[in-house]
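Taken in order, these protein sequences are the chains called A and B. When you read off a place in the first sequence, starting at 1, and then add 834, the result is the number in the numbering used here. When you read off a place in the second sequence, starting at 1, and then add 874, the result is the number in the numbering used here.
Hint data in this document are derived by calculation from the structure and do not stem from the laboratory. Any given hint could be a false lead.
[Unchecked claim] Simulated coverage check for chain B against chain A, where a stretch passes if three residues somewhere in it have a Cβ under 8 Å from a Cβ of chain A:
hint, segment
1, 1258-1271
2, 1432-1445
[Stated by the list, open to error] Distance windows between CB atoms, simulated:
hint, chain 1, residue 1, chain 2, residue 2, range
3, B, P1463, A, L986, 25 to 31 Å
4, B, A1042, A, S944, 53 to 59 Å
5, A, Q896, B, G1091, 34 to 40 Å
6, B, R960, A, Q896, 37 to 43 Å
7, B, E926, A, S953, 43 to 49 Å
Every residue, glycine too, gets a C-beta built ideally from N, C-alpha and C.
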Amino acid sequence: MPEMIEFELNGVLQRVDEDPTTPLLWILRDTLGLTGTKFGCAQGLCGACTVSLDGVTLRSCQLPLSAAQGKAVTTIEGLPSEDPLLRAWTETNVIQCGYCQPGQIMSARSLLDTHPQPSDEQIDVAMQGNICRCGTYPRIRQAIHHAAQIRLEQAETKGEDS
Amino acid sequence: MTITRRSFLIGTGVVGGGLLIGFQLKDEAPFPHTRPESFQPNAWLQITPDGEVIFQLDKAEMGQGVVTSLPTILGEELDFDPQRMRIEMAGVHRGYADPVMRIQITGGSMSVATGWDPLRQAGATARALLIAAAAKTWGVDEAMCRTEDGVVIHKTNGQQLQYGELVATARTLKPPTKVGLKEEEDYRWVGKSLLRTDGVAKCRGQALFGMDVGLDGSLPGLLTAVVVRCPHFGGKVESYSDTTALAFPGVVDIFEIHSGIAVVAHGYWKARKAAEALEVTWDKGPLAGVDSAEIRRRQELELANGEPSDTSGHGDVSKAFAQASEVLEATYAAPLAHHSTLEPQNCTAIIRPDGAEVWAPTQSPSVLRLIFSHYSEVPQEQVEVHTTFMGGAFGRRGHVDFAAELGAIAKQLLGQPVKLIWSREDDLKHDFYRPATLHKLRAARDKNGAFSAWEHKLVSPSFVETIFPNLGAALPTWVPTKMSRAAGSKAKEWIKGVDPTMSDGAHIPYAIPNLEVGVHHFDIGVPKGFWRSVGHSHNAFVVESFIDELAHEAQEDPVTFRLAALKDHPRHRGVLRRAAKKADWGMPPRGRLQGVAVHESFGSVVAEIAEVSISGTDFQVERVVCVVDCGFVINPDLVKQQIEGAVLYGLSAALMDPITIQDGALVQSNFHDAPVLRIHQAPSIEVYLMDSHAPPSGVGEIGLPPIAPAVANALFHVTRQRLRELPLRLAQGSP
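Next up, chain A with everything else stripped away, as it sits in the complex (with noise of 0.2 Å):
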């Protein structure tokens, strides 16, 4: 039975009459139209619905609705467009067919939120859940220590200012 659901999208108070147990990558595509969420198996195998939940790294297919209610969602249409990451993606040449790369980049956010200058191995353990079937894995590491980079640079710049 449909139930109304309130959550804030990057930002903004979302109410949804869904289903509640609807996962909330459908929720998000079919129902409110933001579709850099990715479908890519529907099992938490494969990153490319990757979405924040209250800071949370999660995959959103496996997340009903329900567990959104009161809760604030990032996706990718709610980084902003001076993030590091999409600097360092763009900069580096990462992406091919770019389907996981949304889901890539907001585990790669996640990673950098707890360890600003990752190690490759860190990189390799964070980044395990999202499957790349074009191949860049090698310049997603290089991304994220681009990016890593990019951060320290404008915290500094924040440091002078303030």
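We have chain A; now place chain B onto it with these hints.
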């Protein structure tokens, strides 16, 4: 002469001559997406009066970067920054038919290689017309005009006219019959690593993939369809009950189509939940009871007792073996391989009273239009195809089975937009797999110790048959019977049992005087198709491993041995030498071992050296050095991307657990039991490009063939275990 997939298709007339002629409409439709008052000298290029330069991308952008490389080629000759062009997905038009294959298709690593000449011509012709228009405007000779990035400039007085300002005049001029092309040293964009123009949109989730069509509200009332198919290959519906499923919330309709039961609902989740509630009894079809072991046994029987359908080579192999002082023998095998594009198959359409629109992530838009037309009963000329971005393709999206299904579904839902979505399970269980193949190799040494003969017998189904049905056991259900009968009888004549793609890569370049490749055609009916690098993917594993066995037998270094046997192949020698140097061949870092392979495919040659570390029976590929000779390079970083990608795609199939068949159906269902390579399993990859002035040759697939043998050869050199079957697995008891 080596017969390539493309030259074969052309040579037999199968593609160019007649069989696929039905895929082409005879009318002269206008160029797509034409703006009023714009200058459109050819099917790719359009310049609007306000100066917008629009490139119609006729090739499928499936990750390989044609969205950047093809506009670069045209832009260079037009003299307009390709990164400022507006790129549109072209749809179907005769003007985009491959210059040789005559249908609009993306595959065979051909887009840049075959686009190089016509796109340069198209750009240069347009530029000549713009110059002529400026000369006419100023009343001067054309020789007084030059161009610079979108502007025609008067050489002496410095007057300028933007391309857009010249559109009205250029439209009235007759194109010159002959135009000059730029010299390489004058290139401004070609040869540079321009960043991908689709990078930002794809990172931000703004690029339109097939899966995303209509979700922005552009197709109000968009429905979602899923199809429940018989899991057994060639099986069909015996009976079904939809009583429970129909009562599920959001379900619009449930009906049977040629491939199974279609469930249509408001949104994917509702459709999927209802589909799970369907009760279907299947007729398991012709492969009931067949499993992977049975297929192997039948292949072994075929190799032992069957006659090859095609034999090629040179010299006299029988004589050489009769006179041999030593004979080496080995059996190699490669399993089924799945494409697993990360975006599952999908397609969207609406049938209106005046025609249909279809949005599809496809490598074959013209074939798709024909098949959709057949199943929807909308005449081809009333079907407009929009190609979208696609989440990987690797050959899978050359098949249009999903468009056949959608045609049958949309026909029942006139006036309503509907998107067909395959689940991951659908995608894996109903793929067109790289077939499992079995290979018997023999080599002879004469009394002086020189290798005198090489014999390679392989058993494989035909790849080409997949697109020319009625020849093999499996008749893809999406091919209309009438068409397949007509095509089948003609193609049979043309192909005469020979499909060179089966032995692609088996004709070794090494100087062995007597060579024979025997192809045994065996097809049990498991769906098969083009999988990145096709025959090369398994044949390179076999021949580059066996040549390593020969080097070992001769007690020679694998690189030195190859170089000596490649004396008539300077490109092979070039990449091999450079790879050995870049990888410090023979001096790997502590704890690592090296293996090498070199292979020619799609007109290009690639050498790869893999560095592997071992712990017990586990091993990790740590580093791969690739050296590539693919002719003149349009965009070096795009080539590097493709080589990196092909190495990892090949490594995935070489390392991860294989998919298998039981009771005529695929056992595995999703990434948990059909694993693919993940980031922690990916080596670092270095790619070096040879400086070449030869015309561009293939890129998208060429990095794949050498990786499996390079890794297998590395493993041998420390463990002395010769791994002759993919995926590569070390046995207990290695040092």
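### Message
Range first: 37 to 43 Å. Now tell me if the beta carbons of R960 of chain B and Q896 of chain A are that far apart.
### Response
39 Å, holds
### Query
Is the gap between the beta carbons of A1042 of chain B and S944 of chain A within 53 to 59 Å?
55 Å, holds
### Message
Given a hint of 34 to 40 Å, does the C-beta separation of Q896 of chain A and G1091 of chain B actually sit inside it?
### Response
Given range 34 to 40 Å: violated, Cβ gap about 27 Å.
### Query
Does the Cβ-Cβ separation between E926 of chain B and S953 of chain A fall within 43 to 49 Å?
Given range 43 to 49 Å: holds, Cβ gap about 47 Å.
### Query
Counting residues of the segment 1258-1271 of chain B whose CB is closer than 8 Å to a CB in chain A, do you get three or more?
Check passed, 6 qualifying residues.
### Outcome, coverage hint (the segment 1432-1445 of chain B, chain A; C-beta under 8 Å; three residues)
violated (count 0)
### Outcome for the supplied range 25 to 31 Å, where the beta carbon pair is P1463 of chain B and L986 of chain A
For L986 of chain A against P1463 of chain B, whose Cβ atoms are near 30 Å apart, the range 25 to 31 Å holds.
Hints 2, 5 from the earlier list are contradicted by this structure; the remaining hints agree with it.
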